[in-house]
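*Asks:* Letter by letter, the chains look like this.
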Amino acid sequence: MSETKSAAAPSPAGLGRGRGLTKARNVLVSLFTNPYNVISLVSIVVLVYLIVVPLGEIVGTTFRWQPKDSRLVEGAVPGAFTTYHWKAMFSGDTARAMLWEPLANSLSVALCVSALSLLLGGLIAWLVTRTDLPCRGFFSFLVLVPYMLPSWYKALAWITVFKNERVGGNPGFLAAIFGWSPPDWLAYGFVPTVLTLSIHYYAFAYLLISSALSSIGGDLEEMGEIAGASRLTILRRITFPLVLPAVLSAFILTFSRAIGTFGVPAFLGLKVNYYTISTMLYASVRNRQTVQAYILSLVLILIAVFTVYLNQAMIGKRKSYTTIGGKGTRKNLVSLGKWRRPILAALVAFMVVAIIFPVAVLLLESFLERDGIYRLDNLTLHYWAGASKPSIAEGESGIFRNAAIWRALGTTMKLVLAASVIATFVGLVLGYVISRGRKKASGRLIDQVSFLPYLIPSIAFGAIYLSMFSRPRLFIPALYGSLGILVLISVVKYLPFSVRAGTSNMMQIGTELEEAAMVEGASFGRRFRKIVMPLAGKGFLSGFILIFISAMKELDLIVLLMTPATQTLAAATYSYAEGGYHQFSDAVITVIVAIIMIVYVLAAKIGKVDMSKGLGG
Amino acid sequence: MMNRTRARLVALASLSLAAGGAWAQVSTAWAKKAALDAPDTAEQLYEAAKKEGKVVIYSMSSRSKDVKAGFEKLYPGVKVETYDMRNTEIFEKIERENAAGIKNADVIFVKDSDGTMANDFYARGVVHSYVPKDIGAKVDAQFKQPGFAIYLEMKLVFYNTEVYDKDPIDSWWDLTRPEWKGKIMLTNPQAAIETLGLFCSFVQNSAEMAADYKREFGQDLKLSPGVANAGYEFIKRLAANDLVITNSDQEVVDAIGAAGQKNPPIGIATSSKIRDKSKGLKLGSVTTLKPRSSTGNPAYLCMVEGGQHPNAAKLLIRYMAGEADGKADGYKPFDVEGSWPTRSDMVTKSKTPLSEMKLWAEDAKYNYPNTVKVTNFWLSLKKK
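Top to bottom, those sequences are chains C and X. Going by our numbering, 273 is the number at position 273 of the first sequence; the sequence numbering is gapless. Going by our numbering, 29 is the number at position 29 of the second sequence; the sequence numbering is gapless.
For the record, the hints were derived by calculation from the structure and aren't laboratory data. One should not assume that every hint holds.
Unchecked claim - Straight-line distance between alpha carbons at most 20 Å, and here's what the computed EDC-like set of lysine to aspartate or glutamate pairs gives: (1) Lys373(X) / Glu369(C); (2) Lys389(C) / Glu72(X); (3) Lys327(X) / Asp120(X); (4) Lys262(X) / Glu101(C); (5) Lys277(X) / Glu369(C); (6) Lys358(X) / Asp134(X); (7) Lys389(C) / Asp120(X); (8) Lys389(C) / Asp329(X); (9) Lys327(X) / Asp134(X); (10) Lys73(X) / Asp325(X); (11) Lys327(X) / Asp345(X); (12) Lys79(X) / Asp325(X); (13) Lys181(X) / Asp184(C); (14) Lys365(X) / Glu74(C); (15) Lys236(X) / Glu222(C); (16) Lys68(C) / Asp345(X); (17) Lys236(X) / Glu369(C); (18) Lys279(X) / Glu515(C); (19) Lys68(X) / Asp345(X).
If you're wondering where the values come from, they're calculated on a predicted model, not measured in any experiment.
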């Protein structure tokens, strides 16, 4: 402070030289005392430390011999430089099994899922926004529900229904009820992975395309009609080109998500030796083949970076066209005519298959004492509320009596609340910096760095943080095994969404109020607390809910990081299913689904939160 | 140049260490304080354990949670926290927690089929062996090195007894026959170190495997190009038989043993899973397979470096080993068919005594480098 004073009052002597010096000093002082600059600086340092540094370390590790390598390679000196791991991964004996086949599988799954999701999402978007389909409001609410639920729970339901003779034991639903054992290709591997993921990810396409469709005024189409174009021509020549950027965006978005997804291929792939990069990555970490896991992580990241680059190159900064005109005419809804009822029926059927059926199948199975036997005398409440019985599932007691499940519920709630509050608040602060610093390099830098986690698929992110924070680091104690690491990774991973939400929130708050307060002498902290925060309340809530739901269903991000003491409900489901205890995993997932649905409905009805605003993980 | 010399020195040092026979065991400050050599009695330990209040165990066997109730009843005031994990997962967690300085686990209950414990964890003082003096006197030396094993089990071939009234196969080589194509279940060897250890035994004892091939098929085994020996050749042909890979042995025996099947699979699972007969599964296991039935997998109880409840940990290990008289309930969950106690004063519930089982010995020194090679070989194979 004293420095500022002396700088502000230069001695009359040496005025000429002193003025330049004073100015430089003032700039320097304001650089470090202006709250905006301080926040920017801190944000950049923290973001680099949490995102860029880990990436760099991972790359470095893959080029060094590891202590365990001496088991296999003579003359490997731990720590010395080597390209052995990359060579082995790309051209060694295990390259086909560990990299090329999983890579081909990941790519083909991601491509097919993107295409199918686009078809589904686009069609539903058009039906809901541009036609006279009945109950459109209801559908627009319902259509997002599959996305709110974990993708891998549909995979669990799929296995329950399609399980065939290959794995022996108790039959699946179809085999038990209709005596039909589905072929392997329908029960496991590529086909079910693509179908279940598409039923999940079509929400992206739906959201982007429906918002593009509703932003187009009706006038262009009307003009086409006046000029005598047929309905199909209008669709092809006018509507479709206008929504093309949204279509491409949706494709890329879906692709970059589907390429790294773990839960679904983990449940559906293993029985037929079907690996994707993500499931191979998981297996590598579990077998303590750390370097292989890192290389697989980097491969996933590179693919994601490439797709986003492609997106930028093809579409550029413009995410959608805005048609310029006067007040848009009221849209003429396309009449479906005699197709109205069949389409309505088809849509209802789709919703039943995508939402109600999986929940119902898993719920039903959770009441079966022996899975696959659908008889009244086989019904039991054991898996929900039964006391430990040695003859059932190694004496595991029902979930409501199970201390481990209650602990997992507690962990999940703590994690989800902490992650969503912190992420939303950080998003708000960073959003403030970005929105007020749009013309400054710092604002743009923060914008870009905070987007980086988007490019790192969840499972790869988990692998990276596992090694980064397993030992004490600069300012951060060893976080492995604590709830802290789960909160940290969730906050960082959801940053792209929370920051985007925060920025758009802040953009809507004009600077005038703040300036007025500044004139009145209010400090930065006071301005932020008294003006910015109250105005941002509504946006805060919707961002919070979105991250809450994303964290609630999260498996990919934390599956590598949690320890027995920090198991979440999603992870409990996974380990039950992995151990073959289907009814337990069914019961736990039902609890997760119930919590998510309650929050979703409450948020939409009471909080008036528009879930279509953001796209979480 | 320097690097190479250094590497050679390191290699030489580790070689002489291995040749020395005894497993290197590092005594840390923690281990000294925990007095792992003290002639403890259950009473002394219980008094000290009450002050500690609880004990945390990471267990590869889900049966450890059945130990909890009996222990807490016998020793009120000391709670047991059990975490049921895969063997490899326990290794991964123990290693990371050690590096991070996290003191969570007190005891681990594991097998060491890939030699990680013997070659790495003991040598670095990540875990410590604790053999109660009085109980140890009744246990053969081979089960006290490198850790204290309370019983032995092994991977056996299982089948459905409703469909097969006697063992459907008599040689490991039978599993490569086309009649079993698509009908052999196996827990993913990448995730199950006992299976990897068994594969290692095939490789280590390839001469026996080659001889048995000749006995079974009446001609010399022809190795595929690039395959080193009969052990690897067996693994290659097994993998080519369209195996059904699962996540756990539980899935294997559930699928094999479910009642009312017409065409059930067979498969490889841990011998003690035969106990699931009591749950209505129709299970049988082959205990006389040629050239040998399997490789014995000792189940080790070890103390974890830095554990915060050393006395409770010792008490739990004693309890699970059956206490001084071998009659404590702690061993009950493991006293099942398909499991062979290491104590000379206990009798197995299995039909065949251990002395009559033809088994390979688990060789931690051989397996430590070779499980990596076998894993890579397994990964390089085209399945189906």
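*Asks:* Run the distance test for lysine 389(C) versus aspartate 120(X): straight-line Cα separation, threshold 20 Å.
*Replies:* violated, 39 Å
*Asks:* Take a quick look at whether lysine 358(X) and aspartate 134(X) sit within 20 Å of each other, Cα to Cα.
*Replies:* Outside the cut-off at roughly 30 Å; violated.
*Asks:* Sort out whether aspartate 325(X) lies within 20 Å of lysine 73(X), counting only the CA atoms.
*Replies:* Distance of about 18 Å is within 20 Å: holds.
*Asks:* Is the Cα-Cα distance between lysine 68(C) and aspartate 345(X) 20 Å or less?
*Replies:* violated, 40 Å
*Asks:* Given the hinted pair lysine 327(X) and aspartate 120(X), is their Cα-Cα distance within 20 Å?
*Replies:* violated, 34 Å
*Asks:* Check the hint pairing lysine 277(X) with glutamate 369(C) against an upper bound of 20 Å on the C-alpha distance.
*Replies:* holds, 17 Å
*Asks:* With the threshold set at 20 Å, check whether the alpha-carbon distance from lysine 279(X) to glutamate 515(C) stays at or below it.
*Replies:* violated, 75 Å
*Asks:* Next pair to validate is lysine 262(X) with glutamate 101(C); report whether the Cα-Cα distance is within 20 Å.
*Replies:* Violated - the C-alpha atoms of glutamate 101(C) and lysine 262(X) are around 35 Å apart, more than 20 Å.
*Asks:* Is lysine 68(X) close enough to aspartate 345(X), meaning Cα to Cα at most 20 Å?
*Replies:* The hint is violated at about 24 Å.
*Asks:* Given the hint that lysine 389(C) pairs with aspartate 329(X), does the C-alpha gap stay at or below 20 Å?
*Replies:* Since the Cα atoms of lysine 389(C) and aspartate 329(X) sit roughly 17 Å apart, the hinted pair holds (cutoff 20 Å).
*Asks:* Does the structure keep lysine 181(X) and aspartate 184(C) at a Cα separation of 20 Å or less?
*Replies:* Answer holds: lysine 181(X) to aspartate 184(C) is near 14 Å, not above 20 Å.
*Asks:* Does aspartate 134(X) lie within 20 Å of lysine 327(X) when you go C-alpha to C-alpha?
*Replies:* holds, 14 Å
Hints 1, 3, 4, 6, 7, 12, 15, 16, 17, 18, 19 from the list above are not met by this structure, while the remaining hints are.
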